[in-house]
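Engineer: Since chain A is already given, all that's left is putting chain D on it; use the hints.
Those sequence lines, one after another, are chains A and D. Quick note on numbering: the first sequence equals residues 1 to 198 in my numbering. Quick note on numbering: the second sequence equals residues 1 to 447 in my numbering.
Note that these hints are calculated values from the structure, not bench results. Possibly wrong hints are sitting among the right ones.
[What the hints assert, rightly or not] Computed footprint of chain A on chain D; a stretch qualifies when at least three of its residues, placed anywhere within it, have a C-beta under 8 Å from a C-beta of chain A:
(1) 287-297
(2) 318-325
(3) 346-359
Backbone N, C-alpha and C define an ideal beta-carbon position, used for all residues, glycine too.
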Amino acid sequence: MTRDARLAGPVGSGSALLLFAVVATLLANWPDRSTDANLAWYAVARVRATGILLLAGWVGASDPGAAPRQRAMALIEPLAAALLSAPIELLAYFGSVPAASLAWSVAAPLPLALAAFGVSWALAVTLRRVRLGWSLPLLLPAVAVGLVMLDVRIGPVLWIPWLLPFAPSWPAAALLTCVSGVTAAVLARSATRHEEAA
Amino acid sequence: MTISARTVSAQAVFVRTVAACAVVVLASGSTLAQPARTELRLGVAGAAVAGAWNPLQVVVRDAPGATVELRIDAGGLERGEVPQLFRAIVAPAGGVQRIDVDLPLASWRRISWRIEQDGRVLASGALGARERDDRPLDLVLSDRPSEWRDAFDDSARVIAATAADLPARAAGWDGVRTLLIDGTLAAPEVAKVVTAATAGVRAFVPATGPAGYAGLALLVADGPLLVGAGSVEATPEGAAALASRIAAGPSGWTEVLPAALDAATLELQPPGWNHLPVAWVALATVGYAAAVWLLLRSAGAAGAASAVLVMAAAAIAAPYAAPDEPQAERRDALVFAAGGLGLKLSWSEVARLPHGEARLDGLLAPSDAREVTWSDGRTSVLLEAGGRAAFAGAPQLLSVPAAVHEAPPGVAAGAPQALLALVPAGGSLVRANDAWWLSPGQVGTTP
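So here's chain A without its partners, still in its complex pose (with noise of 0.2 Å):
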């Protein structure tokens, strides 16, 4: 693979498919008339926090076996989705001038990204050794579920996608930071593995 199309590559339909979402939400909320409030962000921050934690489950749990060079390329695809869609995101923040944190917004997004692509690969390698992988179209959305209801359980949000941009907290962003964090380690200790054994 050259370099180009490694870059190429990973930023493939999932990302356009967010963009398209991003964009399609922001005009679909953005007032056509001076009396009507913006509340573009409100929808637009939802579907961006939402698209990018999807589009980072879905690329997490797709090919557990796959080398982990090819693994960790993979991973840019939900990132840099986060990224091309964050001025979109300014755009729609900016017009709507809501009494909330633009830094949480905007940035969130991308642990949030880290973390549900480690949580989604590490479901898929398991169910894989146990020769469970069958069941993963299943039980991924059943974990994502139960992690939902058991954020709301808790009380404070810590990674509901659609209700994270509104809800800035110091143990959302620890737990994503751990969550990530690992799965950034882990990834690289298995490059790292894959390389010398190579």
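Structural biologist: Same frame as chain A, now just chain D:
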């Protein structure tokens, strides 16, 4: 309604107890031993009117920096509690200090107040839903007020008052319908009677009377006087004659005031923001998405670098999508002018993009039952993101400016359609000093 707490002799307490208002004094019995004296009075002659502006007077002696809090629960069975809070701080000086404002009282479930200094309650009290009354007041200034009772219908809220009870500002007269003066008590100030009439009250003053009434008699020397939104007429002889005069209907604008205000309010353009046109947003976002996508997919490393630059440029340009002001306001006013004076009824609407507190100058009455705080001469309301709230300002007395005096009969261009029907034959509707002036014809000179 009056509440007092003062250091007085046992005899004085006894006399006060035997007198009419002892129950209210005892409501703050725990404060009788306090060295400070406080008095809170709400409404004209102690009668508060729900759904109207009411005068609020607080007198505090030797309690510098005391805080006055009056809490209105404007809620209901469906809405639950809707707290509206008035807060004021007494001047940090000894002696007698006064707070004198006009407050809009919603149809309350409960009104409670508390005067505190350094955490010590100087006075407190409450009014329940049973004491709520939205009937306008008919004030009688007479040493024999019962003789005039038959002049008013059975459902009227006739209150005996003295000259000292009369409010000085137009807003204080909002809950009053009639002012009857028969000349048997000390004469009130002419200015207060004129203010009452300007505020839409039908005032009756003696055409002849004892010393002190000369000024009032002069008002009706040439017959009934239309002034502002109300009128001043000569007090008829006896209750029966007054009853027939009242039955003949009000003069001035009194009858059309609420309808006119509703109509004018509907004409107010709601406040808005200068959003970026949606076509520009579409062009910018679709162009951006297409550009970064194509650069990443087709141009390799150089394309990726270019996409990063495009992304950075888009991020830098994003703040230009912000509207000029996150909080938009619009105000307008309608003035009922006659006799050289006008009653100004103003209303305003505020709309706010971010969730948070909107602060507006002046004490304003919310158009619906909502939580507000009145403090430091300002009205604060908590709005959700994109929320809006409408308010009415306190009625104000104004002199008619030259532009209105000199305006020819008729309707000015651009006048609200809803007000056109209210312009009487020979009357005028003109725009001056950021308000619509509605006058019955010759606006006359100030009495």
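Engineer: With reference to the structure, classify each hint as holding or not holding.
Structural biologist: Evaluation of the provided hints:
1. 287-297: holds (count 6)
2. 318-325: holds (count 6)
3. 346-359: holds (count 5)
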